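Each chain is listed here by its residues.
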Amino acid sequence: MLVLTRKSDEKVTIGDDIVVSVLDIKGSQVKLGIEAPKGIAVHRSEIYERIQAENLLAASVVAADFVEAEKLWKPRKGHQDTVGGERED
Amino acid sequence: MKIETTRFGTVDVPAEKIITMSHGLLGFPDKRRFCIFQQKEGSPFFWYQSLDDAALAFVITDPWLFKPDYQVDLELAIRAMAWDGKADQLPLECYVIVTIPRGAPERMTANLMGPVVLNPNTREAVQIVLSNETYSHQYPLLKQEAA
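Protein chains in written order, with the numbering used here: chain A, 105 to 193; chain B, 6 to 152.
One chain only, chain A, in its complex shape:
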């Protein structure tokens, strides 16, 4: 890992079009400004990891549990009645 020491108001440039600025330092908190082109996702790592972990959990649904879940959960909402709710067969 490359380690750089920066002061408040100093920046780091990554590639041609990503700039990370140190906006403010207060005690143990650093406020960063990140400029990146459209299409580059920037996330707080712990939230990114939480969603990643949740996706991995969600990917392992078992058929029997799905059938049971469908029986357990019957949400009601206006438009739901018009989407296939009026069938007579």
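Keep in mind that the hints were calculated from the coordinates and are not lab data. Mixed in with the good hints, there may be bad ones.
[Stated by the list, open to error] Distance condition first, Cα-Cα at most 20 Å in a straight line; then the derived PhoX-like pairs of lysine-lysine: (1) Lys7(B) x Lys36(B); (2) Lys45(B) x Lys178(A); (3) Lys178(A) x Lys148(B).
[Said to hold, decoys possible] Pair by pair, the computed Cβ-Cβ distance ranges are: (4) Thr117(A) x Ala87(B): 18 to 26 Å; (5) Val171(A) x Ala60(B): 14 to 22 Å; (6) Glu153(A) x Asn126(B): 26 to 34 Å; (7) Glu139(A) x Glu9(B): 38 to 46 Å; (8) Gln76(B) x Gly131(A): 30 to 38 Å; (9) Thr117(A) x Arg112(B): 40 to 48 Å; (10) Asp17(B) x Val146(A): 32 to 40 Å.
[Stated by the list, open to error] These stretches of chain B come out as covered by chain A in the derived footprint (C-beta under 8 Å, 3 or more residues): (11) 82–89; (12) 110–124.
Predicted model only: the values in this text are computed from it and were never measured. Backbone N, C-alpha and C fix where the C-beta goes; we use that ideal spot for every residue, glycine too.
Based on the hints, put chain B in the right spot on chain A.
Chain B alone, transformed into the frame defined by chain A:
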């Protein structure tokens, strides 16, 4: 296009129904193509089946079925995908991924923090991260009854 799936056997997906996720889902960056289908008419659940991995399928649902005040910053999706247009001009659709714990479907949850936004015009989708901490990644779909 005929695709093999572990859960549903061979499924015929018309080319115009193929959804492309250029960023993949978080944790599955190389699974780029999906399709949405409903197993049973009237069900609140849809399947989000990978076309690149026969065994990979997610259960998704409409978040407004259970969270009518749910708010998604669609600009995050538009920016991430460089879609042309503003949120109120595009017919964007939003789904949330449901986790059904093994053997405990009553504890199923929805990931309100990481919704999947679909642009039906381009058939592209992206999972965005609502990082303002308003919404849980494990929002219970059933009210827990006191034991």
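Structure versus earlier hints - violations, ascending order: Of the numbered hints given earlier, the structure breaks none, since each of them holds.
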